[in-house]
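Colleague: Residues per chain, in single letters:
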Amino acid sequence: MTAPRLETVIGRIRMANPVMTASGTFGYGTEYADLVDLRKLGAMVVKGISLRPWAGNPPPRLVEVRGGLLNAIGLQNPGFEGFARDYWPALRQIGIPVIVNIWGRTIEEYEAVAARFEALDGLAGLELNVSCPNIKEGGMAFGTDPAMLERVVGAVRRKTTRTLLVKLAPNVTRIEQMARVAEAAGADALSLINTYPAMALDIETRRPRLSNGIGGLSGPAIHPIAVKLVYEAARAVQIPVIGMGGILDWRDAVEFLIAGARAVAVGSVSLSDPTAAISIVEGIRAYLERHGLEDVSELVGSIRWP
Amino acid sequence: MELNATPRQIEEAEVVSQQEIGRGYWRMTLRAPGIARSARPGQFVHLRLPGLDPAYLLRRPFSLHKVSGETIAILYKVIGVGTKAMARLEPKNRLNVMGPLGNGFPPVPSGVTPLLIGGGYGSAPLFFLAERSGTRGIVFLGGRSQEDLLGCSDFETLGWEVQTATEDGTAGKRGLVTDRLTEWLEAHPVDPTEWYACGPDGMLKAVALLAERKGVRAWLSLDRRMGCGAGVCLACVVRVRRPPSEGGGWKWARVCQDGPVFESREVIWEEETP
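Residue numbers (our numbering), protein chains in the order written: chain F, 1 to 306; chain U, 1001 to 1274.
These aren't lab readings, by the way, just hints derived from the structure by calculation.
Don't take every hint at face value.
Just so you have them, the derived chain U footprint on chain F, three or more residues with Cβ under 8 Å [unchecked claim]: (1) 50-63; (2) 69-83; (3) 152-158.
Yeah, the Cβ is synthetic: ideal placement off N, Cα and C, and Gly gets one too.
Turn these sequences into a full structure, and let the hints guide you.
Modeller: This is the structure in structure tokens:
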């Protein structure tokens, strides 16, 4: 039997395999270049960039909880110009598709930052962050209100020619509705899910363990929630869904594909094992061989009932 | 974009020995040839603890305490789930180690007496520094009680003078390690010195203030809750002064990648927060 095909297309992005790194968990791509063969990744999504530099939240910004991580980094980033100057030149040399996660506090800021990225030749796509739980203005509000979601996706769509991913919030009543709204407003693909808003307290001091009070939960604790939301969103839209949330190994990735995801993104586990995403590519390949499947697309949405 | 000066790697290390060196304090020696070869004093390693997986996701950072041949040693105090799992590891067990990480202490310049200041298990990286230093100096060790003074005899074996202080007076002088340092400085007003400190924030801040008053250069190794240990997640940030050439004010520095060692005048302590 010939080796199974892993090539995956998301919008106009052609990936050698369906595995990406998730925003915020792999830096600006080159930090791990000495430890990981980055060319083996399907694509890389780099940490959220705003129009201007942003300081983020004071520490503590990250705490470990059973089954996951709770973070409130607060989107610290060097701004578009800092990114374009300090990170993009090395990033574009890697030779795999690069997607930049972007965010703003207002529609105008989203539009402005999206427009600036038009200048970066070779950039594969933008991932619109409309669901960060850790900034006070904008952020989550865009991802939980269908009317605001429609406005922000539509506004960015008019400013960018790149493949546009929209990263949806998990904490909504009907994910199908949000998925359809984003698709109708011009999204090329959906990323599901962002971290889940959550909280942890120190019982001795009775204070929140994060300076921001609340944060976003990631890691294996949210994986089954993510599988359910990916399943529901993928049935509701024609555009591809990228599954993310608590992937630890290839089994979790395969589960997302069966639930309907066309690709997956590996997040928190990379903080512990930077090589996890690459091991997952190999794990998916071995799974396809074992099941006699010739193309990864045969797996997508292949869920059986009951 | 900066790259680490020494090559990092991820190694499957084998536990060589586990030794309880004081109440609740352990020394673990690991065979990790790649890391041992390139490690410098003040750098750290990031351990994945087999007993924690998968409920707890993160690695655990520990400064390098001893490095010789193909082995590295770390000192740790059993406090939480991570260090409890560590204490259960036995010789021949394997664990995944990433390192060496961070910038490390700058080498001791010639013509000065190095003064090392350690609080509790903060003495761990100071031993590696003393071992690699061409010049012998004085090490000031402090802790709450006698059992918190770690490695006194190790420093003496290297030919270093050891001065101790405990808050309860069970060993050395009663009081803080910085009081002991102050006394020594008053008795030796003209000796040129450079300081290297590791310990709790309160101690490091006192060392920084004293260094500023005396006009001495002090290097502080900071301890912060870390995520990735590789400069990616931005969890372990501290405020540092931004040089006037970059516009002044402050910026975030990542303890894991830009530190853990900072010159004392760089660090902005929380109370000074703008």
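Colleague: Each of the hints needs a verdict: does it hold here or not?
Modeller: Structure-based check of all given hints:
no.: 1; hint: 50-63; in the structure: holds (count 8)
no.: 2; hint: 69-83; in the structure: holds (count 4)
no.: 3; hint: 152-158; in the structure: violated (count 0)
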